[in-house]
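Peer 1: Below are the chains, spelled out letter by letter.
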Amino acid sequence: MALSQSLPGGQVQRRDKFRKYMRAFNPTARAQDVIEAGLVFEDLHRSVYLNLAGRADLEPGSQQLLVGGIGSGKTTELVLASRWLREQGNVLPLYIDITSETDLSGLNSGSLLASFGIHLAIRLLESPGLPKDSADRLNALYGKIKEYAYGKVESVWVSYDDEDSGQEYDDRDDYDDAPRGHYTTRTIPGKLQPPLPALLRDVRGIREPLERLLTAAREVHKDIVVIFDGLDRLLAADKFSAVAYQDFRLFRSLDVSVLAAAPISILYGAGRSISEQFDRVQHLAVIAGGHGRGFLQSVLSKRGGYELLSPTEADSICEYSGGVLRDLISLARDAAEEAYVSGHASITPSDVDKVVRQLGTSYLRGLGPTAVQTLRDLEKSKSFQVDMPTNIELLVTRRVLEYTSTDFRVHPALLSVLSKTKG
Amino acid sequence: MPLQDSEKALNNLRTDLSSLLQKPTRVFNLQDHPFEQLGESLHQPGDDVVILAATVDPGSALWSSLDLIRSALERKGPIIFWLSADCVPSLSEHAPNIRSFIGGGIFAAGPDGGMMTEEDRQSRLQQLAEHYQLTNDEIVSRALSGTLPSEPHFIEWLVLLGRGDLV
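In order, the protein sequence lines correspond to chains F and Y.
In terms of this note's numbering, the first sequence opens at residue 1 and continues consecutively.
In terms of this note's numbering, the second sequence opens at residue 1 and continues consecutively.
No lab work stands behind these hints: they were computed from the structure.
Here the structure is a predicted model, which means the values were calculated and not measured.
Some clues are possibly wrong.
[As the list claims (entries may be wrong)] Within a straight-line C-alpha distance of at most 20 Å, the following computed DMTMM-like cross-link-like pairs (lysine to aspartate or glutamate) qualify:
hint : chain 1 : residue 1 : chain 2 : residue 2
1    : F       : 354       : Y       : 16
2    : F       : 144       : F       : 101
3    : F       : 382       : F       : 319
4    : Y       : 76        : F       : 36
5    : F       : 420       : F       : 379
6    : F       : 239       : F       : 97
7    : Y       : 76        : F       : 33
8    : F       : 20        : F       : 337
9    : F       : 239       : Y       : 119
10   : Y       : 23        : Y       : 5
11   : Y       : 76        : Y       : 48
12   : F       : 354       : Y       : 32
13   : Y       : 76        : Y       : 47
14   : F       : 146       : F       : 126
15   : F       : 144       : F       : 126
[Unchecked claim] Just the calculated beta-carbon pair ranges, DEER-fashion:
hint : chain 1 : residue 1 : chain 2 : residue 2 : range
16   : F       : 238       : Y       : 33        : 56 to 62 Å
17   : Y       : 35        : F       : 353       : 50 to 56 Å
18   : F       : 20        : Y       : 23        : 20 to 26 Å
19   : F       : 277       : Y       : 60        : 51 to 57 Å
20   : F       : 37        : Y       : 141       : 40 to 46 Å
21   : Y       : 43        : F       : 127       : 27 to 33 Å
22   : Y       : 75        : F       : 86        : 54 to 60 Å
23   : Y       : 12        : F       : 365       : 21 to 27 Å
24   : F       : 86        : Y       : 127       : 46 to 52 Å
25   : Y       : 12        : F       : 26        : 25 to 31 Å
[Claimed, not checked] Covered stretches of chain F (chain Y as the covering partner; in silico rule of three or more C-beta atoms under 8 Å from a C-beta of chain Y):
hint : segment
26   : 96-105
27   : 327-335
Glycine residues also receive a C-beta, built at the ideal position from the N, C-alpha and C atoms.
Using the sequences and the accompanying hints, generate a full structural model.
Peer 2: Quick look at the structure:
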């Protein structure tokens, strides 16, 4: 008999209960998987995804940004938008996580277009019952776009008469009319080359094949919407602009609607001038307390959190998450792990205290004295100069949370640790 | 902790992880391993344990690049960052997406080579003994006779007793 089965207290049942809970609270799980598992509370952000998708559907060529801090739920909203558009039946949404396509540090003009072209071509080639002549045309376009995206190796004739060839011509060669040279290969890099630095190239090179591809796509689907996720990893607004500006201009001229995740720095300082170029900039703010706290608890409930959490401990986790969704999920998971290894039947106040302290300490690590003073000043006087680059960094790294355009607060978990340190 | 102690602690961590999780553990030095190969290395295989180590701050450029390829870091097996203290500010500032994934899971290793003090070790052994209603000798005896299940708690128990050789 296995040792565990001979133990008192239903040890196996306890472990299974905790394992089930932990599966539902994975802060790094793919949004698609979490949605398919039915664990997402879709009304959390008052269905932002519906507004984004609706506008993309109604206004072909429109361009919208979804801006939010790290862990705010942007990917989930974009995936939900994609799903809604697909359900409408007359729109082809293409969700592209650009970070899984290429190394963003090498991203430059043309890369978004290249990625879009690849996805569109593959989707069209997968259409059931595609006539052969259509498939041949699409394959030819696909080939051109692939060359643009990934580069190509081509043969180049090098004449022996070329002084740079380094080749010598033998006067005694019997084949006097043979071509005087040889073939060699030359590699032309493409736009999606991780991680080598990409060359700056004109986006016009991809326009013609994309236009023809879109013509073919619109024979089947009325409109095309491209959803770019991952661009928010370009933390600085100017980097985002360098990557997106030219590509987004071409998307607009091609009447392709665009939804894109963008960094929170877009909302402040120099980033504002970039956000003005878009039809809508939707801010996914942090979920505030009060009425908002009911929403956070709904997130926990949807994932079965109350199997191990009492209402009091759930409230505590909601409060100390600050309304940051990933932190909410992390705290709920870590508290369960702490309860399990401590031998508790469910999550206790001491379990929650410990993981809140851990999270707060992790936010505290690496903060210099100036930044700590800024946080103390914010807590004391509610004063925060949001356009200062050092303060934008505090927003980006989630030490400071934005509840509205004027309501900024220190992350509650960090605040709980700060209050215990000297200051 | 001093570099020599850190290397010893890293080797101990590698051994402990392999024992506890019953999987091989690979270590990649972020300063030495070619960055462009890192994404591929993490997925060949993708289910073992990986430690990404840095004894000095590898610099903002590497952290930013690592943050940008965060999706490439997603794999079946766990990833543990083993970093010197001076790396943490850089990671927080230049790789905030990775830091968000880590959440509260940042722990400081003590100069004694482990995160657990002797008091902690004894406390944990007592917890396990009370929970399973078994003594340390009984656990060792069952491990020697091959009747101890290879579940994480029992492996941990043996490691805490210094009997990782019986795993």
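Peer 1: Against each hint, give a clear statement of whether it holds in the structure.
Peer 2: Each hint, compared with the structure:
1. F:354 with Y:16: Given that 20 Å is the threshold and the Cα spacing comes to 24 Å, the pair is violated.
2. F:144 with F:101: 18 Å, holds
3. F:382 with F:319: Holds - the C-alpha atoms of residue 319 of chain F and residue 382 of chain F are around 19 Å apart, at most 20 Å.
4. Y:76 with F:36: Holds. Residue 76 of chain Y to residue 36 of chain F sits at ~19 Å (cutoff 20 Å).
5. F:420 with F:379: 14 Å, holds
6. F:239 with F:97: The hint holds at about 17 Å.
7. Y:76 with F:33: Measuring from Cα to Cα gives roughly 14 Å; hence the hint holds.
8. F:20 with F:337: The given pair, whose Cα atoms are some 12 Å apart, holds under the 20 Å limit.
9. F:239 with Y:119: 51 Å, violated
10. Y:23 with Y:5: With Cα atoms ~24 Å apart, residue 23 of chain Y and residue 5 of chain Y exceed 20 Å; violated.
11. Y:76 with Y:48: With Cα atoms ~8 Å apart, residue 76 of chain Y and residue 48 of chain Y stay inside 20 Å; holds.
12. F:354 with Y:32: Violated - the C-alpha atoms of residue 32 of chain Y and residue 354 of chain F are around 36 Å apart, more than 20 Å.
13. Y:76 with Y:47: Distance of about 5 Å is within 20 Å: holds.
14. F:146 with F:126: 17 Å, holds
15. F:144 with F:126: 18 Å, holds
16. F:238 with Y:33: 56 to 62 Å: 30 Å, violated
17. Y:35 with F:353: 50 to 56 Å: The hinted range 50 to 56 Å is violated for residue 35 of chain Y and residue 353 of chain F, with Cβ atoms some 39 Å apart.
18. F:20 with Y:23: 20 to 26 Å: 23 Å Cβ-Cβ, so the 20 to 26 Å window holds.
19. F:277 with Y:60: 51 to 57 Å: 28 Å, violated
20. F:37 with Y:141: 40 to 46 Å: Holds, at about 43 Å.
21. Y:43 with F:127: 27 to 33 Å: Taking Cβ atoms as reference, residue 43 of chain Y and residue 127 of chain F lie about 31 Å apart, which means the hint holds.
22. Y:75 with F:86: 54 to 60 Å: 28 Å, violated
23. Y:12 with F:365: 21 to 27 Å: For residue 12 of chain Y and residue 365 of chain F the Cβ distance comes to about 23 Å; the hint holds.
24. F:86 with Y:127: 46 to 52 Å: 50 Å, holds
25. Y:12 with F:26: 25 to 31 Å: 28 Å, holds
26. 96-105: Since 6 is at least three, the answer is holds.
27. 327-335: As far as the segment 327-335 of chain F goes, the hint holds, because 4 residues have Cβ atoms under 8 Å from chain Y.
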